[in-house]
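Peer 1: Taken in sequence, the protein lines are chains A and B.
When we follow the working numbering, the leftmost residue of the first sequence carries the number 272, and every step to the right adds one.
When we follow the working numbering, the leftmost residue of the second sequence carries the number 7, and every step to the right adds one.
Please keep in mind that the hints were generated in silico from the structure rather than gathered at the bench.
Even glycine gets a Cβ: it sits at the ideal position worked out from N, Cα and C.
The reader is advised that the hints may include incorrect statements.
Over 10 Å on every C-beta distance to chain B, these chain A residues come out as not near it, computed from the model [unchecked claim]:
| hint | residue |
| --- | --- |
| 1 | 277 |
| 2 | 292 |
| 3 | 390 |
| 4 | 407 |
| 5 | 433 |
| 6 | 519 |
| 7 | 661 |
Covered by chain A, according to a simulated footprint, are these stretches of chain B (three or more residues, beta-carbon under 8 Å) [what the hints assert, rightly or not]:
| hint | stretch |
| --- | --- |
| 8 | 128 to 134 |
| 9 | 151 to 159 |
| 10 | 226 to 238 |
| 11 | 274 to 286 |
25 Å max Cα-Cα, derived SDA-like pairs, lysine to any residue [to be verified]:
| hint | chain 1 | residue 1 | chain 2 | residue 2 |
| --- | --- | --- | --- | --- |
| 12 | A | 460 | B | 227 |
| 13 | B | 210 | A | 483 |
| 14 | B | 233 | B | 245 |
| 15 | A | 586 | B | 142 |
| 16 | A | 460 | B | 215 |
| 17 | A | 690 | A | 635 |
| 18 | B | 210 | A | 508 |
| 19 | A | 460 | B | 104 |
| 20 | A | 460 | B | 209 |
| 21 | B | 210 | A | 478 |
| 22 | B | 275 | B | 289 |
| 23 | A | 586 | B | 140 |
| 24 | A | 586 | B | 12 |
| 25 | B | 32 | B | 277 |
| 26 | B | 269 | B | 202 |
| 27 | A | 351 | A | 564 |
| 28 | B | 210 | A | 509 |
| 29 | A | 460 | B | 242 |
| 30 | A | 586 | A | 544 |
| 31 | A | 662 | A | 509 |
| 32 | B | 62 | B | 18 |
| 33 | A | 460 | B | 252 |
| 34 | B | 32 | A | 467 |
| 35 | A | 460 | B | 105 |
| 36 | A | 586 | B | 114 |
| 37 | A | 586 | A | 340 |
| 38 | B | 245 | A | 459 |
| 39 | A | 586 | B | 136 |
| 40 | A | 460 | B | 171 |
As a plain string of letters, each chain reads:
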Amino acid sequence: MHIEIVNGHVIDPQNGLDQQGSLYIAEGKIIGMMQAPDGFTADTSINAQGRIVCPGFVDLSARLREPGQSHKATMKSETKAAASAGFTSLCIPPDTSPVIDSPAIVELIEDKAEKCGYPHIYPIAALTQKLAGTELSSMHALKKAGCIAVSHGYHALQDLLVLRRAMEYAASYDLLLIYCPQEAALSNKGCAHEGAMASRYGLPGIPAAAETIALVQCMELIEQTGCRVHFQGLSCARSVDLIAKAKIAGLPVSAGVAMHQLHLTDQDMRPYDSHYHVIPPLRSQQDKDALLVGIQNNTIDSICSDHQPHDVDAKLGAFPETEPGISALETVLPLMLRLVEQKNLSLTQGIEKLSTEPARILGLNAGGLAVNNVADVCIFNTRESWEINAKTWQSRGLNTPFWQDTMQGKVTHTLQGGKIIYLAER
Amino acid sequence: MLEIENLQLNSQGKLRHFLSIEGLNKDLLTEILDTAESFAGASEQSIKKFPLLRGKTIVNLFFENSTRTRATFELAATRLSADILSMNIATSATSKGESLLDTIRNMEAMQVDMFVVRHSLSGAAHFIAQHTAPHINVINAGDGQHEHPTQAMLDMFTIRRVKKQFTGLRVAIIGDILHSRVARSQILALNMLGVEEVRVIAPKSLLPVQVEALGVSVYYDMQAGLKNVDVIIMLRLQKERMNSAFLPSENEYFKCFGLSDEKLKIANKDAVVMHPGPINRGVEISSSVADGAQSVILQQVSNGIAVRMAILSMTMNGNRGAE
Numbered sequence: 272m273h274i275e276i277v278n279g280h281v282i283d284p285q286n287g288l289d290q291q292g293s294l295y296i297a298e299g300k301i302i303g304m305m306q307a308p309d310g311f312t313a314d315t316s317i318n319a320q321g322r323i324v325c326p327g328f329v330d331l332s333a334r335l336r337e338p339g340q341s342h343k344a345t346m347k348s349e350t351k352a353a354a355s356a357g358f359t360s361l362c363i364p365p366d367t368s369p370v371i372d373s374p375a376i377v378e379l380i381e382d383k384a385e386k387c388g389y390p391h392i393y394p395i396a397a398l399t400q401k402l403a404g405t406e407l408s409s410m411h412a413l414k415k416a417g418c419i420a421v422s423h424g425y426h427a428l429q430d431l432l433v434l435r436r437a438m439e440y441a442a443s444y445d446l447l448l449i450y451c452p453q454e455a456a457l458s459n460k461g462c463a464h465e466g467a468m469a470s471r472y473g474l475p476g477i478p479a480a481a482e483t484i485a486l487v488q489c490m491e492l493i494e495q496t497g498c499r500v501h502f503q504g505l506s507c508a509r510s511v512d513l514i515a516k517a518k519i520a521g522l523p524v525s526a527g528v529a530m531h532q533l534h535l536t537d538q539d540m541r542p543y544d545s546h547y548h549v550i551p552p553l554r555s556q557q558d559k560d561a562l563l564v565g566i567q568n569n570t571i572d573s574i575c576s577d578h579q580p581h582d583v584d585a586k587l588g589a590f591p592e593t594e595p596g597i598s599a600l601e602t603v604l605p606l607m608l609r610l611v612e613q614k615n616l617s618l619t620q621g622i623e624k625l626s627t628e629p630a631r632i633l634g635l636n637a638g639g640l641a642v643n644n645v646a647d648v649c650i651f652n653t654r655e656s657w658e659i660n661a662k663t664w665q666s667r668g669l670n671t672p673f674w675q676d677t678m679q680g681k682v683t684h685t686l687q688g689g690k691i692i693y694l695a696e697r
Numbered sequence: 007m008l009e010i011e012n013l014q015l016n017s018q019g020k021l022r023h024f025l026s027i028e029g030l031n032k033d034l035l036t037e038i039l040d041t042a043e044s045f046a047g048a049s050e051q052s053i054k055k056f057p058l059l060r061g062k063t064i065v066n067l068f069f070e071n072s073t074r075t076r077a078t079f080e081l082a083a084t085r086l087s088a089d090i091l092s093m094n095i096a097t098s099a100t101s102k103g104e105s106l107l108d109t110i111r112n113m114e115a116m117q118v119d120m121f122v123v124r125h126s127l128s129g130a131a132h133f134i135a136q137h138t139a140p141h142i143n144v145i146n147a148g149d150g151q152h153e154h155p156t157q158a159m160l161d162m163f164t165i166r167r168v169k170k171q172f173t174g175l176r177v178a179i180i181g182d183i184l185h186s187r188v189a190r191s192q193i194l195a196l197n198m199l200g201v202e203e204v205r206v207i208a209p210k211s212l213l214p215v216q217v218e219a220l221g222v223s224v225y226y227d228m229q230a231g232l233k234n235v236d237v238i239i240m241l242r243l244q245k246e247r248m249n250s251a252f253l254p255s256e257n258e259y260f261k262c263f264g265l266s267d268e269k270l271k272i273a274n275k276d277a278v279v280m281h282p283g284p285i286n287r288g289v290e291i292s293s294s295v296a297d298g299a300q301s302v303i304l305q306q307v308s309n310g311i312a313v314r315m316a317i318l319s320m321t322m323n324g325n326r327g328a329e
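So here's chain A without its partners, still in its complex pose:
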């Protein structure tokens, strides 16, 4: 299949491209930029006039709910949603059911993804068996089976001795640890940011220290073990400072936030609306501002969706008993464009945070549009506006606080490995 994408505005942060131009694709790879290679004839020609052509987005954390929770969503429904939102690579956290702690589960996930026509799925291996925090998983075998990193899911590992050994072991195989810092004793079953809002509504709070203490402990162990760590889902201003210091000290760390943390604070929560229930919680305006500065000065490297689709029942109940998480894949691009509109980011920076940087952190051959790269491409229209409703929404999880909002920015084409996996209906 030979595809040409012509007349688009090509933005590729990896190779410093920001210009009108064309892309030529054959056998799953980019074989020419700007000028058609000799003798190239396209089977399909995409006219990208007035649209942005950029590397496909790479998501460091998207829960697809399979295996084990297909009542919430399926690999099929969620990869379809991902493709429609411009994502060409998805990392799956290990807290599936069963947990991703054996090569058989990895194989199962890869098989399913293949069948859905969405091969670029990257399982993240559990750091400990069953994520129980006591015995190490077979990290080497899991890496061989295709796991791209190791992680402990939502929570910090409670036993620091186990964490130390796990990090030493991961470092021996140069495995990246993706770590969500959250000290369980301090989060203490909380469900909202410990601040004026939680106090007013009587919601059990999670203090910022629950995040920063776990962060500092892990950093000390990075110093000790040399393990590469990506801190995922940061939410507090103090965390940004700590990451900046660690980077200056030369520690092998990177950091990421979920897109919703750059848009919502605890003040935006509609009282007891469970769609705002996320972990880490929506924090204060000051925290949000600090995260934005961290994004601008590259203290924070990447933005992920932290996609967590839920069934209706999971969100029906008194706020503290509902399940946390937002169905987020499809709002990532419009929310990124909103940051551009608000002059918090340039369009190039936005694409960098969604594609180039996560690909770099994972060591993937993705996130750029150079010749010989795998042809993972996203084409989008920055001006098209659409309303989030049952007609436009692809994910099985309807749990978004942005439901019925008007969003600006829509993907028109997504190519994965040179195949068109999404084409917007016209």
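Starting from the known structure of chain A, arrange chain B on it as the hints suggest.
Peer 2: Relative to chain A, chain B alone:
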């Protein structure tokens, strides 16, 4: 906040659900107090029963145990001629794994008119009000650590009866503010009714973060906090707070934050002592103060019936107005 207001009031601004003090206004609170006053006056002249809610069925849905709140709601409903059914769900349906919504749907199917809800989770009453059939009224009898608005209203009623007005009053609320839904409702109501100052007195471990934002001044000791105070509200201290490291011991707590005769003397001479009950004698309050001349603790209990009658009849009327 808009949602809470819309949820509680009908299009004419009348009460339809009674979920929280937040979202109400001074006029409404005053109307509740005035209505309660007329019921109380009549009761004192030995007219105890009114035909206002004849043919209506009220269900006490108590997902958490309670004695006095449930009893006063039962009496209030009976005195308004309603039928009342008390369900102690803490020990029935939900322990069999039924969801909150299923319990509500089942009760709705029994053609009831009103739910009085107590639940251990904040926001439970709001959730039920949002999801129940439109003809059903919901009254919050305490949700988690959020609000206990009928308790706050009976406290306001008691204060008004003794002090005649709210203007100029200094009120101190003492004890476990962090876990207290009563305190949150009281703070909101007192500020709405225009008192001079609301103080909270507690160790930091029993205060919610940024508690000042609720509209209070914060004191960590009784000596300073009780000065010039007209109304003292003691909160119940749950014994399990000691085990979860909020406090060292009952003994130390009583020494620092318990209300004794000596500490009572720091407040204004005519200060009244209140407590939502049940009281722990010797922990947050000494027996001599609880039973002393300045205590209005038992008046609070009797006033609870009149105030709850007012709230039951007003919300039921609010629904009629909306139809």
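Peer 1: Compare the structure with each hint and give your call.
Peer 2: Now for the hints, and whether the structure bears them out:
no. : hint             : in the structure
1   : 277              : 50 Å, holds
2   : 292              : 49 Å, holds
3   : 390              : 39 Å, holds
4   : 407              : 33 Å, holds
5   : 433              : 25 Å, holds
6   : 519              : 31 Å, holds
7   : 661              : 20 Å, holds
8   : 128 to 134       : holds (count 5)
9   : 151 to 159       : holds (count 3)
10  : 226 to 238       : violated (count 0)
11  : 274 to 286       : violated (count 0)
12  : A:460 with B:227 : 30 Å, violated
13  : B:210 with A:483 : 21 Å, holds
14  : B:233 with B:245 : 28 Å, violated
15  : A:586 with B:142 : 23 Å, holds
16  : A:460 with B:215 : 17 Å, holds
17  : A:690 with A:635 : 18 Å, holds
18  : B:210 with A:508 : 24 Å, holds
19  : A:460 with B:104 : 22 Å, holds
20  : A:460 with B:209 : 22 Å, holds
21  : B:210 with A:478 : 15 Å, holds
22  : B:275 with B:289 : 23 Å, holds
23  : A:586 with B:140 : 21 Å, holds
24  : A:586 with B:12  : 22 Å, holds
25  : B:32 with B:277  : 24 Å, holds
26  : B:269 with B:202 : 22 Å, holds
27  : A:351 with A:564 : 33 Å, violated
28  : B:210 with A:509 : 22 Å, holds
29  : A:460 with B:242 : 23 Å, holds
30  : A:586 with A:544 : 9 Å, holds
31  : A:662 with A:509 : 41 Å, violated
32  : B:62 with B:18   : 23 Å, holds
33  : A:460 with B:252 : 16 Å, holds
34  : B:32 with A:467  : 23 Å, holds
35  : A:460 with B:105 : 20 Å, holds
36  : A:586 with B:114 : 21 Å, holds
37  : A:586 with A:340 : 15 Å, holds
38  : B:245 with A:459 : 19 Å, holds
39  : A:586 with B:136 : 13 Å, holds
40  : A:460 with B:171 : 42 Å, violated
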